[in-house]
Amino acid sequence: MKKQKKHIGGWILLLGSTILICTFLVNIIFHLFSKGIPVLSWDFIFGYPTDGMTKGGIFPAIIGTIMVTLITTVFAVPFGICCALYLNEYAGESTLTGTIRASIRNLSGIPSIIYGLFGLALFVQSLKLGTSMLSAGLTLGLLSLPYIITTTEESLKRVPNSTREAALALGATQFESIRDFVIPQAMPGIITGIVLTIARVAGETAPILFTGVAFYITGIPGSVKQEFMALPYHLYMLSTQHQSIETVRPLAYGTVTVLILIIFLMNLVAFYIRYKFRENE
Amino acid sequence: MNNKLHTTDLNLYFGQRHTLKNVNIGIPEKKIVAMIGPSGCGKTTLLRTFNRMHDLVHDVKITGDVKIEDLDIYGGSVPVTTIRRRIGMVFQKPNPFPKSIFDNIAYGLKLNKTPKDEVREIVEQSLKESALWEEVKNDLNKPANRLSGGQQQRLCIARTIAVKPEVILMDEPCSALDPISTAKVEELMLQLKKNYTIVVVTHNMQQAQRVADEIAFMYMGELLEYGPNQKIFHSPEKEMTRNYVSGHFG
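Protein chains in written order, with our numbering: chain A, 1 to 281; chain B, 1 to 250.
Hints listed in this document are in silico derivations from the structure and should not be mistaken for laboratory results. Since we're looking at a predicted model, the values are computed, not measured. Heads up, a few of these hints could be off.
Claimed, not checked - List time: in silico SDA-like cross-link candidates among lysine to any residue, alpha-carbon distance up to 25 angstroms:
hint, chain 1, residue 1, chain 2, residue 2
1, A, K276, B, H58
2, B, K110, A, I100
3, A, K157, B, K21
4, B, K99, A, G92
5, B, K110, A, F30
6, B, K142, A, I273
7, B, K61, A, A91
8, A, K157, B, V60
9, B, K93, A, R158
10, B, K99, A, M187
11, B, K113, A, D180
12, B, K116, A, R179
13, B, K110, A, V159
14, B, K99, A, V159
15, B, K99, A, A91
16, B, K164, A, E89
17, B, K99, A, L85
18, B, K113, A, Q226
19, B, K142, A, I183
20, B, K142, A, A91
21, A, K276, B, V60
22, B, K93, A, I191
23, B, K110, A, D180
24, B, K21, B, F249
25, B, K113, A, T163
26, A, K276, B, L140
27, A, K157, B, H58
28, B, K93, A, P160
29, B, K21, A, V159
30, B, K93, A, F175
31, B, K142, A, L85
32, B, K164, A, F181
Claimed, not checked - Interface residues of chain B toward chain A, partial, derived using beta-carbon atoms under 8 angstroms:
hint, residue
33, G75
34, G76
35, V78
36, R85
37, M89
38, K93
39, S100
40, G108
A virtual CB, placed ideally from N, CA and C, is assigned to each residue, including glycine.
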């Protein structure tokens, strides 16, 4: 009887924690959406900021965020997957790979502002890419690499060794066994990890702050060497840096709503992909 | 007697652990050799030495010779993939690929660059040879993991013989199967012996007695006794062998 009581105590603690967290989350989202959704309109999403940003829309920021995220993906995904494949399939266990793994784990804990300053030093100045969409995309790529490598490696680890051995025993090379069986089986996990990571970095402000984001530009950048507007920075700016913060408050709520919706959408894509792959198995 | 496989003074270490100690064994052509011994005696390790399955383990060290006919398996004169095509392997747990029954067998043929028009025929032939054809001939496009455990294991055997190896290594092929499926696999082994050399690791004394021509008893990494089935079971030379085959330990 005493044991049972303890059990119930634990259960209440767990349920209580869950409810507490969900309350906060629901509260925040309700607050943001209730003020943000009324602002949303065709003109807000597809319009340009006007009248010193006190009116108009956020179209350049949406496009900027999407384009910089694409650059990040193109840069980080191939490198991340190759690195994870090397670590998990080829490198084996040694002091060297142990050190590499530990470094990667540590990199994922570094504050994003440090990535921003590093990107400023490396891409903007040393490599002379200037403050541009390319520099910002590459900086976000660096930020996302540790997450992509770690999640990819975890997915590769979940492929049982018997699968690799079955292919090898038939005379497949290690490369063929990885290409034909290991990667396809790990794919759902890899894609989910990538989409979740990209969704996370799409909302980052600090890494793009010094590397390419602009306060205001008149059009959509025509080349990756130009500066761009981005949702997270636009939001930061509207809510803290604008000369008449009270006037633009509704625009800030609208911006945050769009940003959250984009990230929700990406997460939804990740879940859908995982579901699709599971169905095929 | 013609030896298909043989080892000379084979030693194998996993890091500091000395797992195979001075093993000298000859596997006669077109016979079934069963390797028996208590868990951890090195029989599976020895089996996996023949098709270089230890290659992916990083701290493994092998000394001595392992040969298939006159070819040094670890000599490096032919690629490891060529050796694995000559020496196939069936694993303890059935491990079909997550593909259709047909594609499971066709995969090895694709690696061998078998012409497309011959694939279908070889798939059918391999399934017939592994006594699975009658059960699956109408479901070749069904996923292989829908088959029962016993059928999956016979599919793995079909997949192995499709690439026409000379030797088939079997690592406790029936340990995950029920008695009826086991009987089918054993029957199949006796059939396959006509064309292939078979080395089987087993924990099942009765199985060894039923299928093997030669029996190798291993203990603590050494090949303690090796001889004809009858002799090992009825008049072994060593006390240890007698105790093991009569079930006093293991």
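When you check the alpha-carbon spacing of K21/B and F249/B, does it fall within 25 angstroms?
Distance of about 21 angstroms is within 25 angstroms: holds.
Is the straight-line distance between the alpha-carbon of K164/B and that of F181/A 25 angstroms or less?
OK: K164/B and F181/A at ~22 angstroms, within 25 angstroms.
Is K157/A close enough to K21/B, meaning Cα to Cα at most 25 angstroms?
violated (32 angstroms)
For K99/B and G92/A, compute the direct alpha-carbon distance and say whether it is at most 25 angstroms.
Measuring from Cα to Cα gives roughly 28 angstroms; hence the hint is violated.
With chain A as the partner, please determine if V78/B meets the hint condition of a C-beta pair closer than 8 angstroms.
violated (12 angstroms)
Within a Cα-Cα threshold of 25 angstroms, do K99/B and M187/A meet the stated pairing?
holds (15 angstroms)
For a C-alpha distance cap of 25 angstroms, please report whether K21/B and V159/A respect it.
Violated: K21/B and V159/A sit about 33 angstroms apart, past 25 angstroms.
Given a cut of 8 angstroms on the nearest C-beta pair, is the interface hint for S100/B held or broken against chain A?
At about 12 angstroms, which exceeds the 8 angstroms cut-off, the nearest Cβ of chain A leaves the hint on S100/B violated.
Given the hint that K93/B pairs with R158/A, does the C-alpha gap stay at or below 25 angstroms?
Satisfied, since the Cα-Cα distance of roughly 17 angstroms is no more than 25 angstroms.
Would you mind confirming whether the straight-line C-alpha gap from K276/A to V60/B stays at or under 25 angstroms?
This hinted pair is violated, its Cα atoms lying about 41 angstroms apart.
If you take the shortest Cβ to Cβ gap from G76/B to chain A, is it below 8 angstroms?
violated (15 angstroms)
So, as I understand it, the hint says M89/B touches chain A; can you test that by seeing if any CB pair is closer than 8 angstroms?
holds (4 angstroms)
Consistency with the previously given hints fails for numbers 1, 2, 3, 4, 5, 15, 16, 18, 20, 21, 22, 29, 31, 33, 34, 35 and 39, ordered from lowest to highest.
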